[in-house]
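Using the sequences and the hints given, assemble the complete structure.
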Amino acid sequence: MFDEQQQATAKQQELRTNITNIDNTINNYNMIGGAKINEGELNKQKQSFDDELTAISANSQQIAVKLAEFEKKKTEKAQELADLEAKEKGAKNKKT
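When you line the sequence shown up against the numbering used here, it's residues 7 to 102, in that order.
Do not rely on the hints blindly, as some may be mistaken.
[Said to hold, decoys possible] Here are the computed lysine-lysine pairs in the DSS-like style, where the Cα-Cα straight-line distance is at most 30 Å:
| id | residue 1 | residue 2 |
| --- | --- | --- |
| 1 | 93 | 79 |
| 2 | 78 | 95 |
| 3 | 83 | 95 |
| 4 | 79 | 98 |
| 5 | 83 | 72 |
| 6 | 17 | 52 |
| 7 | 83 | 93 |
| 8 | 93 | 80 |
| 9 | 78 | 93 |
| 10 | 78 | 100 |
| 11 | 52 | 95 |
| 12 | 100 | 83 |
| 13 | 83 | 98 |
| 14 | 80 | 98 |
| 15 | 80 | 95 |
[As the list claims (entries may be wrong)] FRET-style restraints, in silico, Cβ to Cβ:
| id | residue 1 | residue 2 | range |
| --- | --- | --- | --- |
| 16 | 100 | 75 | 30 to 40 Å |
| 17 | 86 | 54 | 41 to 51 Å |
| 18 | 50 | 17 | 23 to 33 Å |
| 19 | 67 | 28 | 24 to 34 Å |
| 20 | 66 | 17 | 21 to 31 Å |
| 21 | 94 | 61 | 29 to 39 Å |
Think of the hints as simulated: they come from the structure by calculation, not from any bench. Note that beta-carbon positions come from the ideal geometry of N, C-alpha and C, so glycine has one too.
So this is what it looks like as structure tokens:
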């Protein structure tokens with residue numbers, strides 16, 4: 007229980023540090039050449055990243071489906087090969 011509490015506290019601190027780092031980065035960008043970072047532009051960039059992530063996730067799912075189909079076909083072909091080899095072996099045994 008105590009360990010879980012320590013882990014939670016450590017995670018909270020990590021998240022606070024991450025937020026502070028983001029804020030500092032934004033402030034640094036604002037100071038460079040007086041360039042003001044537009045929140046709307048940041049949200050557009052974030053949405054773009056979210057869209058890209060969604061597309062990548064969908065693509066990954068499609069690849070997983072294709073891989074499963076390939077594995078199924080591979081298993082079927084392996085079974086066909088095993089059947090043919092068994093048939094061939096049976097034919098050889100009959101000749102002998």
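Each hint, compared with the structure:
{"no.": "1", "hint": "93 to 79", "verdict": "holds (21 Å)"}
{"no.": "2", "hint": "78 to 95", "verdict": "holds (26 Å)"}
{"no.": "3", "hint": "83 to 95", "verdict": "holds (18 Å)"}
{"no.": "4", "hint": "79 to 98", "verdict": "holds (28 Å)"}
{"no.": "5", "hint": "83 to 72", "verdict": "holds (16 Å)"}
{"no.": "6", "hint": "17 to 52", "verdict": "holds (23 Å)"}
{"no.": "7", "hint": "83 to 93", "verdict": "holds (15 Å)"}
{"no.": "8", "hint": "93 to 80", "verdict": "holds (20 Å)"}
{"no.": "9", "hint": "78 to 93", "verdict": "holds (23 Å)"}
{"no.": "10", "hint": "78 to 100", "verdict": "violated (33 Å)"}
{"no.": "11", "hint": "52 to 95", "verdict": "violated (63 Å)"}
{"no.": "12", "hint": "100 to 83", "verdict": "holds (26 Å)"}
{"no.": "13", "hint": "83 to 98", "verdict": "holds (22 Å)"}
{"no.": "14", "hint": "80 to 98", "verdict": "holds (27 Å)"}
{"no.": "15", "hint": "80 to 95", "verdict": "holds (22 Å)"}
{"no.": "16", "hint": "100 to 75: 30 to 40 Å", "verdict": "holds (38 Å)"}
{"no.": "17", "hint": "86 to 54: 41 to 51 Å", "verdict": "holds (48 Å)"}
{"no.": "18", "hint": "50 to 17: 23 to 33 Å", "verdict": "holds (30 Å)"}
{"no.": "19", "hint": "67 to 28: 24 to 34 Å", "verdict": "holds (30 Å)"}
{"no.": "20", "hint": "66 to 17: 21 to 31 Å", "verdict": "holds (27 Å)"}
{"no.": "21", "hint": "94 to 61: 29 to 39 Å", "verdict": "violated (49 Å)"}
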